[in-house]
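Novice: Chains as they are written, first to last, in the working numbering: chain V, 1 to 207; chain X, 1001 to 1115; chain S, 2001 to 2610.
Please note: incorrect hints may appear among the correct ones.
Unchecked claim - Ranges between beta-carbon positions, derived for each pair:
| hint | chain 1 | residue 1 | chain 2 | residue 2 | range |
| --- | --- | --- | --- | --- | --- |
| 1 | V | 165 | S | 2525 | 45 to 51 Å |
| 2 | X | 1082 | S | 2525 | 31 to 37 Å |
| 3 | X | 1028 | S | 2143 | 55 to 61 Å |
| 4 | X | 1068 | V | 73 | 19 to 25 Å |
| 5 | V | 127 | S | 2056 | 39 to 45 Å |
| 6 | S | 2037 | X | 1113 | 43 to 49 Å |
What the hints contain is simulated information worked out from the structure, not anything from laboratory work. Quick caveat: nothing in here was measured; it's all calculated off a predicted structure. Beta carbons: idealized from backbone N, C-alpha and C, even for Gly.
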Amino acid sequence: MAENEAMEQQQTLPPNPEKATLEGRNKYLGFWFFLGGETVLFGSLFGTYLGLRSGVLDGPGPADLFHLDLVFIMTMILLTSSLTSVFAVINMKRGNYKGLLIWMWATVALGVAFLVFEIYEFYEYYHQGLGFSTSAFASAFYTLVGTHGAHVLFGVLWITTLLIRYRKSGLTLTNAPKFYTAVLYWHFIDVVWVFIFTVVYLLGIGG
Amino acid sequence: MSSHVDPSAPLQGEPTKNTQRKLKKEMRTQLVSFVLMIFITSMAFLSIASDAIPSGFAIPFILLLAAIQVTLQLYFFMHMNEKGTAWVNIMIWSGLFIAVLTVAALMLLIGVVKY
Amino acid sequence: MSYEKAQSKNVIWDWLTTVDHKKIGIMYLAGGAFFFALGGLEAILMRIQLMFPEFSFVQAQTFNELLTMHGTTMIFLAAMPLLFGFMNFIIPLQIGARDVAFPFLNALGFWLFLFGGLLLNVSWFVGGAPDAGWTAYVPLSSESPGHGLDYYVLGLQVGGLGTLIGGINFLVTIINMRAPGMSMMRMPLFTWSSFVASMLILFAFPALTIGLLLLMLERLFGGTFFAVDFGGNVIIWQHLFWIFGHPEVYILILPAFGIFSEILPTFAKKRLFGYSAMVFATLIIGFLGFMVWAHHMFTVGMGPVANAIFAVATMAIAVPTGIKIFNWLLTLWGGRIQFTTANLFALGFIPSFVMGGVTGVMLATSAANYQFHDTYFVVAHFHYVIIGGVVLGLFGGAFYWWPKMFGYRLNETLGKWFFWLFLTGFHLTFFVQHFLGLMGMQRRVASYLGGQGLESMNFISTMGAFLMTIAFILFLINIFVSTNNKENAADPWDGRTLEWTTPSPVPEYNFAQTPLVRDLDAYWYEKYEGDGKMKAAEPLGDIHMPNGTILPVLISLGLIIASFGFIYMVIPLIIAGLGVTFGSMFVRSIKEDHGYHIPVEEIKRDKEEG
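Sequences are here, hints too, so could you generate the full structure?
Specialist: Here is the structure:
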């Protein structure tokens, strides 16, 4: 049945190519549900961090470590990457495959930049005496922000794989849902970061 | 086997006029929401960086800003405002609800303070 | 792959690479049954140890390992996979679908469960199983010497991932793959309750994932989340565990409720009483299931207000559960009841489960809970709800759906013997444990002193456990002696729902033509309002099928290799294992696999033969 729907739309591009087949619709819905689960996953990590953040002991605490300027730059990078991935989806719906690829590459580049800053950040903290085992705060901080970082890394690798695999294929009914879910994932990473910069960094310095 | 559609064939053609109009409008909406997000983020950073704002105000304020920004992300960037997203809305809000419960419990009910 | 090539695989390779929901369902059942027997054996060994005061059948350390593995195995490796087996096999048939939404992920979920379970049990042979209880409370678990707890953490992490994948698969299947006319409010109740259980899986398992991650980081990488001398807090584990753990018990019981809601109308020859109230009650139970986790922690010292809130929320669950009980009773009321084995299990369930529910309300009374906490009263309570609810449901479901799944009917006489022996053994084992608990016998103790009035009831309890074992062996015998009851296997019970419209055994494409659903209890409607056959919603045509693949096995295997690497801190093993896993995922991502089509001639031939 899914194929018949696709057949009718041969001449004009379907308005939502990612949802033009049953496989695409399944992927779309399943991925959203996965993100619903991820919400609880990160909720548990945030809760753990908030429960343990005063457990600093003799080690350095949030106010000693965090620098607003660095976090601000990282936030702007991730926010911009969210916008570039929105542009990618708009280009996909326009049938401009080249535009999709270019904006996705831009997203990947920004993701890599974010990761570089994060590695630098962790390196700095480590040298200021915040090892993973230093205090409960240290463990909780590295686990929460590190899990987010691991998600960014996975996203970068995933999107890069898609971009290389489909560099010449043009937009198809198979790859449209793949790009679309990758973009959803990328937005979700940004959503988590909004809470991280607010709850970890801003509250760490201000509260 | 020729009657079966090849899912690896490149899609041809242009979107309909109607879709193109919608996409143009969406482009504008997305840019506006992006500018709004940048503004909100800057406000949050400023209210913490500035010494003039008491933390009693700043903390609830930045939490509110975060909530607004996440809503913008979900409903505009991730298109949860579109039709046919009822199940998506149900699942995401259920997830957020349980996440909030979890955070509240792990902050408050860990035996440090008795309620 | 072409149709011809898909047909010509050898048997073992076929099962290893299958993405057919029916085969995966059967593998879940086989895997679950294996672990059920293993968990049962562990229980028997514990009961023998407790048969006499100060008995020395097993050592205290072994006893701790037995009780930990019994709980963990029964919950994660027996009850859930057995339910997943039924869900996998039955849900697509009940909603008129040819397959699940994600056949590949479905297979991956199964292999993750199986390998996770095997990993956990490897610990028996390499220096001792986990010994900190199935709840693995810190600091007992974080400080536990040896590698037992490392196996617990990684085995459950791998298995839990499989469960989460399975849950998402069922949710999307039920939302997107229903046949025309099958609206949400026409879905059979087993599908509905599995849907709600899958929602609970989706939101509960991430909390366990994080709990296990923290415990792994604590044990293997020097994390300090639970180390009080580093500013850590042990209560965080309890919250994370129970935020998962309480919904988990509803994940188990809701599909069992669904099974009873299928069996009772079939054998009372009446439509399920209060269908929409049943759906609503299921949703309410699912919602409240997330509101009550801290009732496992009344004695932790959260404070009186927190305790009171969780006590009230817990008692509220009795309301939707009561709605269900009364609806089942009213389904039976005035019905022409057939006392088949499947129905006996459903009828036996109602009073047994009510007893477990009543002790649940007693435990929810937070003030009284200080008295009950960690005694055999709790053990009696949760065995009444889990055996009296889930296990009776599984056995009832097995007798009910066996003809559909395996093409032959189980022997009814042996089945009734099995039922009565099992029910008697179950009550004998656990009823007395209420009183043992009230008399002060602690749960999880490896022995007890004589002369305190505990001897006779412990002895009775052990005798009951033997009776359950004998009953279970009768069931296993039944499976083998009944294989010739092949006649009337397609619709032996005069069924009401879509799964009974398919031939037994079910062809790999389930429905030659997608059925058109015209009412709740779709098949029953056609039997009495139509011509007894489902109307087709589409013309006969080629049927698209997904290709089998070995990648799910490889992904799971890689994770197991990496887990051994983590447990013994062998870096090359970690890299190799993760390499296999991510490499397989990479292959899956870049290799487009569009499946194959079964030609329409083939389907016509099947139809004529059937």
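Novice: Now look at each hint and say whether the structure bears it out.
Specialist: Each hint, compared with the structure:
1. Separated by about 48 Å at the C-beta atoms, residue 165 (chain V) and residue 2525 (chain S) satisfy the suggested range of 45 to 51 Å.
2. As the Cβ distance of residue 1082 (chain X) to residue 2525 (chain S) is approximately 36 Å, the hint placing it in 31 to 37 Å holds.
3. Take residue 1028 (chain X) and residue 2143 (chain S): their Cβ atoms lie about 59 Å apart, and the range 55 to 61 Å holds.
4. At about 22 Å, the CB distance of residue 1068 (chain X) to residue 73 (chain V) agrees with the hint of 19 to 25 Å.
5. The hint said 39 to 45 Å for the Cβ distance between residue 127 (chain V) and residue 2056 (chain S), and at roughly 57 Å that hint is violated.
6. Residue 2037 (chain S) and residue 1113 (chain X) have their C-beta atoms about 47 Å apart, which keeps the hinted 43 to 49 Å range intact.
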